[in-house]
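Peer 1: All chains, please: the whole structure from these sequences, using the hints.
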Amino acid sequence: MSDQKSVVLFDGVCNLCNASVDFILKRDRKNRFLVGALQEEAGKKLLSNFKVDSDYLDSLVLVEDGKVYFRSTAALRIAKNLPGFWPFFYVFIALPPSIRDAVYDWIGKNRYRWFGKKSTCRLPSPEEKSKFLNLENLPF
-19 MSDQKSVVLF DGVCNLCNAS VDFILKRDRK NRFLVGALQE EAGKKLLSNF KVDSDYLDSL
41 VLVEDGKVYF RSTAALRIAK NLPGFWPFFY VFIALPPSIR DAVYDWIGKN RYRWFGKKST
101 CRLPSPEEKS KFLNLENLPF
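Position 135 (the sequence shown) corresponds to 115 in the working numbering; numbering is contiguous.
These aren't lab readings, by the way, just hints derived from the structure by calculation.
Mixed in with the good hints there might be a few duds.
Stated by the list, open to error - Below, in silico cross-link-like pairs of lysine to aspartate or glutamate (EDC-like), each with a Cα-Cα straight-line distance of 20 Å or less: (1) K109 x E20; (2) K(-15) x E107; (3) K97 x E107; (4) K(-15) x E20; (5) K25 x D45; (6) K89 x D35; (7) K(-15) x D35; (8) K24 x D8; (9) K(-15) x D2; (10) K10 x D33; (11) K25 x D35; (12) K47 x D81; (13) K97 x D85; (14) K31 x D8.
What the hints assert, rightly or not - Using C-beta positions, here's what the derived DEER-type ranges look like: (15) S99 x L75: 32 to 40 Å; (16) K109 x S78: 36 to 44 Å; (17) Y70 x R9: 17 to 25 Å; (18) Q(-16) x P63: 14 to 22 Å.
The C-beta atom is built at its ideal place from N, Cα and C for all residues, glycine as well.
Peer 2: Listed below in structure tokens is the structure:
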């Protein structure tokens, strides 16, 4: 892995997604990740650099070492880089993506109903500001 930060793009109005970002930020002691909402200008610009539709909202997106990962693959690659027992979950990468993504998609399809959604994207607290993607810190 290079010294360049990995970027986690998420649905900024989804409560489950926001809780996941809080989870990542709390455990990112090595400062490897930047996070940003898929709906924000910086997230859209980064996606366009990789020829991904700027209106994409279907899943978590991880941009790492110049490659884009979606859905369960993105989630497992993030877990692999967190401290504690979270890297253990990376063993599930051996399962066919069709199985992993079916579970991911089922949760994703129900995320607003189960966890709710906000009316606007999450804003970083002053302490988190350096961890959030913006047009000035786009790594790719």
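Peer 1: Take the hints in turn and mark each one as holding or not.
Peer 2: Results for each hint:
no., hint, in the structure
1, K109 x E20, "holds (14 Å)"
2, K(-15) x E107, "holds (18 Å)"
3, K97 x E107, "violated (23 Å)"
4, K(-15) x E20, "holds (19 Å)"
5, K25 x D45, "holds (17 Å)"
6, K89 x D35, "holds (17 Å)"
7, K(-15) x D35, "violated (23 Å)"
8, K24 x D8, "violated (23 Å)"
9, K(-15) x D2, "holds (17 Å)"
10, K10 x D33, "violated (31 Å)"
11, K25 x D35, "holds (11 Å)"
12, K47 x D81, "holds (18 Å)"
13, K97 x D85, "holds (17 Å)"
14, K31 x D8, "violated (28 Å)"
15, S99 x L75: 32 to 40 Å, "holds (36 Å)"
16, K109 x S78: 36 to 44 Å, "holds (39 Å)"
17, Y70 x R9: 17 to 25 Å, "holds (18 Å)"
18, Q(-16) x P63: 14 to 22 Å, "holds (20 Å)"
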